[in-house]
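Asker: Sequence:
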Amino acid sequence: MISADVNDKASLVQAMKGASAVFAVTNYWEKMDMKLEIQQGKNLADAAKEAGVKHFVWSSLLNVNKLTDGKLPNVYHFDSKAIVEDYIRELGIPATFFLPGFYMSNIPGNMMRQLPPDNAWTLALPVPETAPFPLIAEEDFGKWVKAIVLKRDEPGVLGRRVYAASAYVTAREIVETFKRAFPEAGRTARFLSVPHDQYLKTLTGFGLPQFAADELLENMRLMDEGGYFGGEELTHDILEDKLTTWEEFIRKSPVFKGLN
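Numbering follows our numbering, in which position 22 of the sequence shown is assigned residue number 22; successive positions increment by one, without gaps.
Just so you know, these hints were derived from the structure itself, not from any lab.
Hints should not be assumed to be uniformly reliable.
In silico EDC-like links for lysine to aspartate or glutamate, alpha-carbon gap of 16 Å or less [to be verified]:
{"#": "1", "residue 1": "Lys71", "residue 2": "Asp224"}
{"#": "2", "residue 1": "Lys257", "residue 2": "Glu247"}
{"#": "3", "residue 1": "Lys252", "residue 2": "Asp153"}
{"#": "4", "residue 1": "Lys151", "residue 2": "Asp237"}
{"#": "5", "residue 1": "Lys146", "residue 2": "Asp224"}
{"#": "6", "residue 1": "Lys179", "residue 2": "Glu247"}
{"#": "7", "residue 1": "Lys146", "residue 2": "Asp241"}
{"#": "8", "residue 1": "Lys42", "residue 2": "Asp69"}
{"#": "9", "residue 1": "Lys31", "residue 2": "Asp5"}
{"#": "10", "residue 1": "Lys54", "residue 2": "Glu138"}
Note that the structure is a prediction, hence the values are computed from the model and not measured.
Using the sequences and the hints, build the whole thing.
Answerer: This is how it looks when you write it as structure tokens:
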């Protein structure tokens, strides 16, 4: 085990020396600082180049500001990773870009929870019920990255964007799957399309800064206003392992344990 600091390029170079492949990801939400995340991503890329890494796999996302022509300018945790992707491409290092979808773990107990007065399981989001979410289980990340690394030398893998999710699932389908998995608890389950101002008020009520609440609202709006992956098809052709479905995920979720 070798330790390194994403804010210290020299330590990253030492950690990467001798590595044939590196999977790199930054955490915007730790500091909620776009400039810092961009610099950390550049540090990782520069270190990979200096260390002679043969395959750099960057955890990227789309530039939402550009995708929506400035309509959604505040989705910083997407745009920062996209800016780093552009930098990596300019560096010319051998790289593939892994774009993870919407985490399934965001939904149970958070976006979907029991609400008064009847304690019905409710998915409450500021989107229409037809908004598509590219759902991915975090436990599946390794399946994608393994496939990317093992297929490095296949045509088109270097330089490719890999759109990673098990499937596009609409808000309505998220609830319908819950009803199918848990017929008794699902009898009253519902989707609630929340007004934007109410959604912002809820987030700031939880103590989130206004700029972060604005960011999360725009992140949700992206599903229906541009698309999380800009309408691109999911990259299933590279995979060899079976992915986790939304139904499989919720059946194992501790939040829903004991439901019938």
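Asker: If a hint holds in the structure, say so; if it doesn't, say that too.
Answerer: Hint-by-hint comparison with the structure:
At roughly 12 Å between alpha-carbon atoms, Lys71 and Asp224 fall within 16 Å of each other, so this suggested pair holds. Distance check on the hinted pair: Lys257 and Glu247 sit about 13 Å apart at the alpha-carbon level, within 16 Å; holds. As the CA atoms of Lys252 and Asp153 are separated by approximately 36 Å, the hinted pair breaks the 16 Å bound. As the CA atoms of Lys151 and Asp237 are separated by approximately 11 Å, the hinted pair is consistent with the 16 Å bound.
This hinted pair does not check out: Lys146 and Asp224 have alpha carbons roughly 31 Å apart, beyond 16 Å. For the hint linking Lys179 to Glu247, the alpha-carbon distance of about 10 Å falls within 16 Å, and the restraint holds. Between the alpha carbons of Lys146 and Asp241 the distance comes to roughly 10 Å, so the proposed pair stays at or under 16 Å and holds. With a C-alpha separation of about 25 Å, the suggested pairing of Lys42 with Asp69 is violated against the 16 Å cut-off.
Taken as a hint, the Lys31 and Asp5 pair is honoured in the structure, with Cα atoms around 15 Å apart against an allowance of 16 Å. Taking the CA atoms of Lys54 and Glu138, the gap is near 25 Å; set against the 16 Å cutoff, the hint is violated.
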